[in-house]
Amino acid sequence: MAEVPRTRVYDAIRVLEAQGLVEIQHSSPQQFRAVPLDEATETLRDQYEGRVERLHDALDTVEMVEQDDETPVQQVWAMSGQDAIKNRTDQLIEDASEEVVLVIGDESLLTEDLVSSLNDVGNGVDLLIGALTESLQDQIKTAVPDATTFISGLEWLQGEDATENETAIGRLLLIDRSTILVSSLMPDTKDEQAIFGEGFGNGLVVIARRLMAQGLLTVRDPK
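Here the sequence shown is numbered in the UniProt record's numbering, starting from 1 and rising by one per residue.
No lab work stands behind these hints: they were computed from the structure. One or more hints might be untrue.
Distance condition first, Cα-Cα at most 16 Å in a straight line; then the derived EDC-like pairs of lysine to aspartate or glutamate [said to hold, decoys possible]:
hint, residue 1, residue 2
1, K190, D83
2, K86, D57
3, K86, D113
4, K86, D60
5, K141, E107
6, K86, D188
7, K190, D120
8, K86, E112
9, K141, E112
10, K190, E107
Simulated DEER-style distance windows between Cβ atoms [said to hold, decoys possible]:
hint, residue 1, residue 2, range
11, D138, E63, 46 to 54 Å
12, V15, E49, 19 to 27 Å
13, V9, H56, 30 to 38 Å
14, G20, T111, 45 to 53 Å
This one's a predicted model, so the numbers in the text were calculated from it and none came from an experiment. From the three backbone atoms N, C-alpha and C, an ideal C-beta is built for every residue, glycine too.
Taking the hints into account, I'd like the entire structure generated from these sequences.
See the structure below:
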C-alpha cells in the first residue's frame, strides 16, 4: 500500500524499528508488526518534543549581539505566515506591562490561543479589544470577560465597498503605546502577512491609538 519497492522493505522496517514504531518476532521467517496506534503516537510526540527542547537549548546558548546605544530606534519589520504572526502576537501580549489595544478585523483570528493569551493578561494591564461587528463583540465579551470591548469605527478595514480581490486587515495591535503590529489577509488564500514596529515616538502612537480605539474616550490617550 505504501508502494515501497520490495528490495527496500527490510531497510524501511529497520528504520521504523529504530524509531520504536515496529516490533519484530525473531522466528523463521521473521515477522514484523506495527506497535499499537496510541503507543506509536506517544512515541512520535516524545521524539518531537525532545527535538524542540534540544533546539530551544541550542538557540538559548547563542550569544546575542548587544547594541551599544540603548535609545529605542524606530524600526519596522515584515513577517509572513499565520503561525509566526500568532506567536509574535501572543508574545507581545504576554510582555505588556501597561496596556493592550487590539482590533480584530477578521472573526477567524479570534482563536483559542489568542483568547488564552488575552485572559492571561495581568491585573495591572489595561485590556481594550475592538471589533468591527456587534456579533464579534459579543463573542469577545463572552471569551474575554475582563476586557473592555468596543465597536471599532474601522469598517473600511474590510473593504466594504471594494472588490472581492482587495486585501483586508486582519489584526491591529498596540502594546504599551510603543509597539505596533498590523496584519493583512490575502483575499483568496487567507494567508496572513504583517508589519511589526517598535520604538515609535509619541506622535505616531497617539494617532495609532486613536485610530484603533475609535469609540473609546480619548482621556486614555498617552500624555
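Against the structure, the hints:
1. For the hint linking K190 to D83, the alpha-carbon distance of about 13 Å falls within 16 Å, and the restraint holds.
2. Note on K86 and D57: the hinted pairing is violated, with a Cα-Cα distance of about 22 Å set against a maximum of 16 Å.
3. In summary, the hint linking K86 to D113 is supported, as the alpha carbons are separated by about 8 Å, within the 16 Å threshold.
4. About 21 Å separates the Cα atoms of K86 and D60, which puts this hinted pair outside 16 Å; it is violated.
5. Between K141 and E107 the CA atoms are separated by roughly 13 Å; this keeps the pair inside 16 Å, and the hint holds.
6. At most 16 Å may separate the alpha-carbon atoms for a hinted pair to count; K86 and D188 exceed this at roughly 20 Å.
7. At roughly 27 Å between alpha-carbon atoms, K190 and D120 are farther apart than 16 Å, so this suggested pair is violated.
8. For the hint pairing K86 with E112, the CA-to-CA distance comes to about 11 Å; that is within 16 Å, so the pair holds.
9. For the proposed pair K141 and E112, the alpha carbon gap of about 14 Å is at most 16 Å, so the pair holds.
10. As the CA atoms of K190 and E107 are separated by approximately 12 Å, the hinted pair is consistent with the 16 Å bound.
11. Checking the proposed 46 to 54 Å range against D138 and E63 shows it holds: the Cβ atoms sit about 49 Å from each other.
12. Hint check: V15 to E49, Cβ distance near 21 Å, so the stated range 19 to 27 Å holds.
13. At roughly 37 Å, the beta carbons of V9 and H56 sit within the given window of 30 to 38 Å.
14. As the Cβ distance of G20 to T111 is approximately 33 Å, the hint placing it in 45 to 53 Å is violated.
Violated hints, listed in ascending order, are 2, 4, 6, 7 and 14; each of the other numbered hints is respected by the structure.
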